[in-house]
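J.: Given chain H, put chain G in place with the hints provided.
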Amino acid sequence: MPEALAPILDIATFIRETLLSLFETLGASPELANGLVTFIGAFLIANFVLLILVVNIWMERKVMARLQDRIGPNRVGPWGLFQTVADLGKLLSKEIIIPSQADLIPFLLAPLLAVMSVIGIWAVIPFAETAIGTDVSIGVLYFMAVSSFGIMAILMAGWSSNNKYALLGAFRAVAMLVSYEVPIILTLMVPVLLTGSMRMNEIVMAQNIWFIFMVPLAGIIFYISQVAEVGRQPFDLLEAESEIVAGYHIEYSGFAFAIFYAAEWAHGFAICALFVTLFLGGWQGPFVDQIPTLGFIYFLGKTFLVYIIQIWMRATVPRLRIDQIMDFCWKLLIPVSLALVVLIALTEGIITTLAEQGILTAPFLANYFSTATAADMLPRTFVLLTINAFITIVTLFLLARRGRAERERFEAMRQSMAPIEAGTD
Amino acid sequence: MSEWTFIALLLVTAFIFPAIPIVAGTLLGPRKPNEMKNSTYECGVETVGDTWVQFKVQYYIFALVFLVFDIELIFLYPWAVAYNQLPLFGIVAGVVFIITLAEALVYAWRKGALEWL
Chain H
1 MPEALAPILD IATFIRETLL SLFETLGASP ELANGLVTFI GAFLIANFVL
51 LILVVNIWME RKVMARLQDR IGPNRVGPWG LFQTVADLGK LLSKEIIIPS
101 QADLIPFLLA PLLAVMSVIG IWAVIPFAET AIGTDVSIGV LYFMAVSSFG
151 IMAILMAGWS SNNKYALLGA FRAVAMLVSY EVPIILTLMV PVLLTGSMRM
201 NEIVMAQNIW FIFMVPLAGI IFYISQVAEV GRQPFDLLEA ESEIVAGYHI
251 EYSGFAFAIF YAAEWAHGFA ICALFVTLFL GGWQGPFVDQ IPTLGFIYFL
301 GKTFLVYIIQ IWMRATVPRL RIDQIMDFCW KLLIPVSLAL VVLIALTEGI
351 ITTLAEQGIL TAPFLANYFS TATAADMLPR TFVLLTINAF ITIVTLFLLA
401 RRGRAERERF EAMRQSMAPI EAGTD
Chain G
426 MSEWTFIALL LVTAFIFPAI PIVAGTLLGP RKPNEMKNST YECGVETVGD
476 TWVQFKVQYY IFALVFLVFD IELIFLYPWA VAYNQLPLFG IVAGVVFIIT
526 LAEALVYAWR KGALEWL
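Note that the protein sequences, when read in sequence, are chains H and G. Just so we're aligned, residue 1 is where the first sequence starts under the working numbering, counting upward by one. Just so we're aligned, residue 426 is where the second sequence starts under the working numbering, counting upward by one.
I should point out that these hints are in silico values taken from the structure, not numbers from a laboratory. Because the structure is a prediction, the values reported are computed rather than measured. Just so you know, not all the hints are guaranteed correct.
As the list claims (entries may be wrong) - Partial pick of chain H residues on the chain G-facing surface, computed with a CB cut under 8 Å:
1. Ala46
2. Pro111
3. Leu112
4. Ile119
5. Thr134
6. Val136
7. Phe171
8. Val174
9. Val341
Beta carbons are placed, not taken as given, at the ideal position from N, Cα and C, and that holds for glycine.
Isolated chain H (complex conformation):
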């Protein structure tokens, strides 16, 4: 590699080093320079989240339109790209109505908290090997702590609005978001089990085989529960327009409403980034070892692809009822993810113990837990995929049995109702 290309190959480190030396030549002490660079990093990430939002909203409208056989925004700017900017300008000129009945402080604090929780998530997401906000050793745990702030914002908004629709939305949010936290925590544990670390960058580096190919079940459950956690369609009953008008943000107008809207969209994108980091190999891709800058492209490319799936789900699946949503979580997702964690732990524990005792002697068992190369991970992938397939088959079997029983019950009920319906009773 020629020396002159080095800055471009690892652009994040280059910018950091340049800024550090710049501040130090300007006379700042090393601590101050470091602090300033940290601040600039935080500022950049916050800006990134809000700027990519413009693209997200445009993309959502455009993809939705195509799925529904429409054209979508196409007037403002090329392909309607500046539609969102125009909308923001319009929203800025609208009055922010503060209802006289509202509890003022939580009412105004709620949108700020919602955005804060979303931007906070991005602190631990690695864009590239060298470009991560901060690689804390408890990245996964930090994510869970920060993202549950969002629920508080929704509850604050619903309660302080002093409106019955808003309160209903907040009630639903409490029940639903809180329930879906459990499968998230359970499936989030699987990448931690596989890596033995909660550091995001280490989880990404361990994915020489993407975790979605090792534990597809965990990936799918994680993604579905995260979509529910964001409260997007088909899980959007906390703001169901046709039932409770707009749910918790009914009393918000002007930019206060736009902030809520922005927080929801940004959360939708953040969970895609997280899914990519944990299950789709994050910034991993060909040649990324030599050229760390490529990590940005791989990471964002994968994230946008996952985001399209989210929009696709929105355009395809109708909204669920609250009892269906709760049943889906407590009676399907949680038992399946519990079974997954238990079976993985038991099987692997027994295999490695047998290998240690010398009862099972195969050369690959010596470094069963190693994630150094893709070849090292193959035996483990095989074991995990078998477990996944087993659980899937058992689950499908149980669901089929349940479905058959329900159908028979329904048929029996119809048989007994038949004389009444025919009017011969």
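T.: Leaving out everything else, chain G in the frame of chain H:
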């Protein structure tokens, strides 16, 4: 130390960022409050009774079940991190812990706590 400075800075930035357009919105936008406009939005109908009503007990039960799961599962994370180096006994201990949890879930299910009424 600097790891957490970053997070603190990011959260403060994230708190101030959305506040700026809200303030700008109040300055730039019109401000003509009147009694009807500021009343509670309910499709033109006056709100009947108190809005801050009591919770339905169902939410409370779900919150209780959730609390059990959430707190116990957080305890499993250290186990998950150490998992690669644990002997069989350690792994089985963790599994017993999870199975106890699953038992609680079965109990709640059988008791009908998970039925949405």
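J.: If a hint holds in the structure, say so; if it does not, say that too.
T.: Each hint, compared with the structure:
1. Ala46: holds, 5 Å
2. Pro111: Check passed: Cβ of proline 111 of chain H comes within 6 Å of chain G, closer than 8 Å.
3. Leu112: holds, 5 Å
4. Ile119: For isoleucine 119 of chain H, the interface hint holds, since the closest Cβ of chain G sits about 4 Å away, which is under 8 Å.
5. Thr134: Threonine 134 of chain H check passes; min Cβ-Cβ to chain G is 4 Å, inside 8 Å.
6. Val136: holds, 5 Å
7. Phe171: With a closest approach of 6 Å, the phenylalanine 171 of chain H hint holds.
8. Val174: At about 6 Å, which falls below the 8 Å cut-off, the nearest Cβ of chain G leaves the hint on valine 174 of chain H intact, so it holds.
9. Val341: Check passed: Cβ of valine 341 of chain H comes within 6 Å of chain G, closer than 8 Å.
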